[in-house]
Amino acid sequence: MIEIENLGVKIGPKDIVTGVSFHVEPGRVTTIIGPNGSGKTTALKALSGDLAYSGAARIAGRDINRMKAWEMASVRAVLPQISHLSFPFTVREVVRIGLTSGYSGASDRDADELSEEALRRVDLDGFAGRFYQELSGGEQQRVQLARVLCQVWEPVADGEPRYLFLDEPISSLDIRHQLAIMDIAVDFARRGGGVLAILHDLNLTAMYSDRVMIMHQGRCEGFGTPDEVLRDDLLQGVFGCRLQVGVTPPAGTRFVLPQSAQ
Amino acid sequence: MLLQTARATRFDTGRATEGDRAGRARLAILFLFLLLVVTAAFSLATGASDASVLSIIRSWFGVFTGDESALSARDAIIIYDIRLPRTVLGILIGASLAVSGATMQGLFRNPLADPGIVGVSAGAGLGAICMIVLGGTIFAPVVVLFGIYALPVAAFGGGLATTFLLYHISTRQGRTSVATMLLAGIALGALAGAFTGILVFMADDQQLRDLTFWGLGSLAGATWTKILSAGPIIAAALIASPFLARALNALTLGEATAHHIGISVQKFKRLAIVLVAAATGASVAVSGGIGFVGIVVPHLLRLSIGPDHRYLLPASAMLGASLLLLADAVARVIVAPAELPIGIVTAAVGAPFFLWILLSRRGVLDM
Ligand SMILES: Nc1ncnc2c1ncn2[C@@H]1O[C@H](COP(=O)(O)OP(=O)(O)OP(=O)(O)O)[C@@H](O)[C@H]1O
Ligand SMILES: [Mg+2]
Numbered sequence: 001m002i003e004i005e006n007l008g009v010k011i012g013p014k015d016i017v018t019g020v021s022f023h024v025e026p027g028r029v030t031t032i033i034g035p036n037g038s039g040k041t042t043a044l045k046a047l048s049g050d051l052a053y054s055g056a057a058r059i060a061g062r063d064i065n066r067m068k069a070w071e072m073a074s075v076r077a078v079l080p081q082i083s084h085l086s087f088p089f090t091v092r093e094v095v096r097i098g099l100t101s102g103y104s105g106a107s108d109r110d111a112d113e114l115s116e117e118a119l120r121r122v123d124l125d126g127f128a129g130r131f132y133q134e135l136s137g138g139e140q141q142r143v144q145l146a147r148v149l150c151q152v153w154e155p156v157a158d159g160e161p162r163y164l165f166l167d168e169p170i171s172s173l174d175i176r177h178q179l180a181i182m183d184i185a186v187d188f189a190r191r192g193g194g195v196l197a198i199l200h201d202l203n204l205t206a207m208y209s210d211r212v213m214i215m216h217q218g219r220c221e222g223f224g225t226p227d228e229v230l231r232d233d234l235l236q237g238v239f240g241c242r243l244q245v246g247v248t249p250p251a252g253t254r255f256v257l258p259q260s261a262q
Numbered sequence: 263m264l265l266q267t268a269r270a271t272r273f274d275t276g277r278a279t280e281g282d283r284a285g286r287a288r289l290a291i292l293f294l295f296l297l298l299v300v301t302a303a304f305s306l307a308t309g310a311s312d313a314s315v316l317s318i319i320r321s322w323f324g325v326f327t328g329d330e331s332a333l334s335a336r337d338a339i340i341i342y343d344i345r346l347p348r349t350v351l352g353i354l355i356g357a358s359l360a361v362s363g364a365t366m367q368g369l370f371r372n373p374l375a376d377p378g379i380v381g382v383s384a385g386a387g388l389g390a391i392c393m394i395v396l397g398g399t400i401f402a403p404v405v406v407l408f409g410i411y412a413l414p415v416a417a418f419g420g421g422l423a424t425t426f427l428l429y430h431i432s433t434r435q436g437r438t439s440v441a442t443m444l445l446a447g448i449a450l451g452a453l454a455g456a457f458t459g460i461l462v463f464m465a466d467d468q469q470l471r472d473l474t475f476w477g478l479g480s481l482a483g484a485t486w487t488k489i490l491s492a493g494p495i496i497a498a499a500l501i502a503s504p505f506l507a508r509a510l511n512a513l514t515l516g517e518a519t520a521h522h523i524g525i526s527v528q529k530f531k532r533l534a535i536v537l538v539a540a541a542t543g544a545s546v547a548v549s550g551g552i553g554f555v556g557i558v559v560p561h562l563l564r565l566s567i568g569p570d571h572r573y574l575l576p577a578s579a580m581l582g583a584s585l586l587l588l589a590d591a592v593a594r595v596i597v598a599p600a601e602l603p604i605g606i607v608t609a610a611v612g613a614p615f616f617l618w619i620l621l622s623r624r625g626v627l628d629m
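One line per chain: the protein sequences are A and B, in this order.
Per my numbering, residue 1 is the first one in the first sequence, and the count goes up by one each step.
Per my numbering, residue 263 is the first one in the second sequence, and the count goes up by one each step.
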């Protein structure tokens, strides 16, 4: 379990995140939602060990800011909001970088097999030989996800649950791949791992999350089940537009909901 | 030639290893090792005198057959005290320049970062010149402390300070700005040049002679003493470099991701900076500034075996050594019986190559 109590993050003199408390449980998908600039990425960076923070944040009882890079790497993998690659690696080589420290937990599988399997999971079968920099944005995002999956391949290792931190994992994906990637996240949680994802799509949040945390101006405005958090008043206050939950458009209006794909 | 060879070794290994260039890289390293052996033999055999490699080999067999006459005393001196140190120094310097180039490019995540271009060599040069000019006065304790290592250690200090400054000026929040890096490199190089000018101005006649001799950028003054003073530092850097390979690979995804994968980024960066400064400093201390090896070699290799530093670093060492030996052979032959400083040869070949990289990757400065 990841416990976050009164988390605060300053960048320079500015308070970016203040007084955020929630928890991420193994076996569940926890989603952070909130408008642009509300501090979602900053909070996730603090939990990833990238930024100093005040308050408490613990993974399995251990303080995150006291953990070494390799200790963190063995219990969580992070998909950043933006990725870049400075040298022309092939897709396979990028995915294998995720196995650098050997924390996959799937010790009996060799690196080739694992990277192949991870690419299949993100529907990039046959892309291994392509140059990463020559892929489309959505394909690149899925390669990064395959790399992240490799790092914590087994959701539970040595009896300890492990975590996936996903910062907008589906932001560049088409609808089919959005659903496929969210299925991977849910599957990871069902097998005993924990998932902490940042999403902008409220429908997918409702469909796939077990817990939702909603942020506004660096603060946590609500934490609970999707039913508890995805309420008209909360959404309207946070996003500043007249959202109504569960209201279908007038008859004759064309709309497509991801829920209909099931 | 190299590219063709690498391509020829790319046999179809089936789908399972598609996109995996490791096998090809291993073959390329084997080929580069053979190339190094050949160029080293060639370098030993080339020179103003007619002492030949054949006669050395014959003399080695002479030890067994009792025929000691194969290598004359004069040839023995030429081979063992003039050509061999020069070849050994060429290998050390070439490997060191190429590996520090590749490491620096990995650290800065940019194929244009090279100790020669971004002012690190100039900083190391300033350190060396400080030692030559002030070694009798202010820096006398350093000379006493380090003995023959004083010059390389001073160059190391200069290189370290420059690399450190450069990294901190051009890197913000884990992103290195290429434009800032190149501009800061120009400024740091100019600053080092200004101080160097002041020191040259202060130097007496004997020191000026030392400076000129040192600044030629040449392997001509190779002696066993020089090898003994710079060799251990270069060897240590070369041996340490493969241990940085995995971290350098992870770093291509950015500092944050490298940290997520389990790399202690700060510790690693410090190590890489020290390594680059040590290799550059030691090379500059014994051979002056030899440019472009550090940029041409890794770039050629990335094109053929890919950017995986586990293979790039050893391959760079071998190709760097081979190319420097060849450049040295050209420098010795082209205006015989005189000699061209080797720095002129590497610049004449390397500078157009550098321009070609810029042309073929115009976008690089916008990164
Ligand atoms: N390095 C930084 N320096 C200064 N301010 C920053 C920095 N990083 C983020 N901020 C500020 O902190 C606030 C929160 O940023 P953050 O990236 O956490 O937002 P977010 O919720 O992830 O937004 P988005 O939905 O656009 O990804 C923003 O106002 C941003 O300008
Ligand atoms: Mg964000």
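Hints are computed from structural coordinates only; laboratory data are not their basis.
A few of these clues could be false.
[What the hints assert, rightly or not] Computed far set for chain B versus chain A, every beta-carbon distance over 10 Å: (1) D337; (2) F457; (3) G459.
[As the list claims (entries may be wrong)] Covered stretches of chain A (in silico footprint by chain B; criterion: 3 or more residues with CB under 8 Å from a CB of chain B, positions within the stretch not fixed): (4) 46-55; (5) 67-73; (6) 81-90; (7) 96-103; (8) 216-222.
[To be verified] Derived pair list, reagent style DSBU-like, types lysine-lysine, alpha-carbon separation capped at 30 Å: (9) A/K10 x A/K68; (10) A/K14 x B/K531; (11) A/K14 x A/K68; (12) A/K14 x B/K529; (13) B/K531 x A/K10; (14) A/K10 x B/K529; (15) B/K531 x A/K68; (16) B/K529 x A/K68.
We treat Cβ as the ideally placed atom computed from N, Cα and C, and that holds for glycine.
Hints, verified against the model:
no.: 1; hint: D337; verdict: holds (47 Å)
no.: 2; hint: F457; verdict: holds (33 Å)
no.: 3; hint: G459; verdict: holds (36 Å)
no.: 4; hint: 46-55; verdict: holds (count 3)
no.: 5; hint: 67-73; verdict: holds (count 5)
no.: 6; hint: 81-90; verdict: holds (count 8)
no.: 7; hint: 96-103; verdict: holds (count 5)
no.: 8; hint: 216-222; verdict: violated (count 0)
no.: 9; hint: A/K10 x A/K68; verdict: holds (21 Å)
no.: 10; hint: A/K14 x B/K531; verdict: holds (28 Å)
no.: 11; hint: A/K14 x A/K68; verdict: holds (26 Å)
no.: 12; hint: A/K14 x B/K529; verdict: holds (28 Å)
no.: 13; hint: B/K531 x A/K10; verdict: holds (25 Å)
no.: 14; hint: A/K10 x B/K529; verdict: holds (24 Å)
no.: 15; hint: B/K531 x A/K68; verdict: holds (16 Å)
no.: 16; hint: B/K529 x A/K68; verdict: holds (12 Å)
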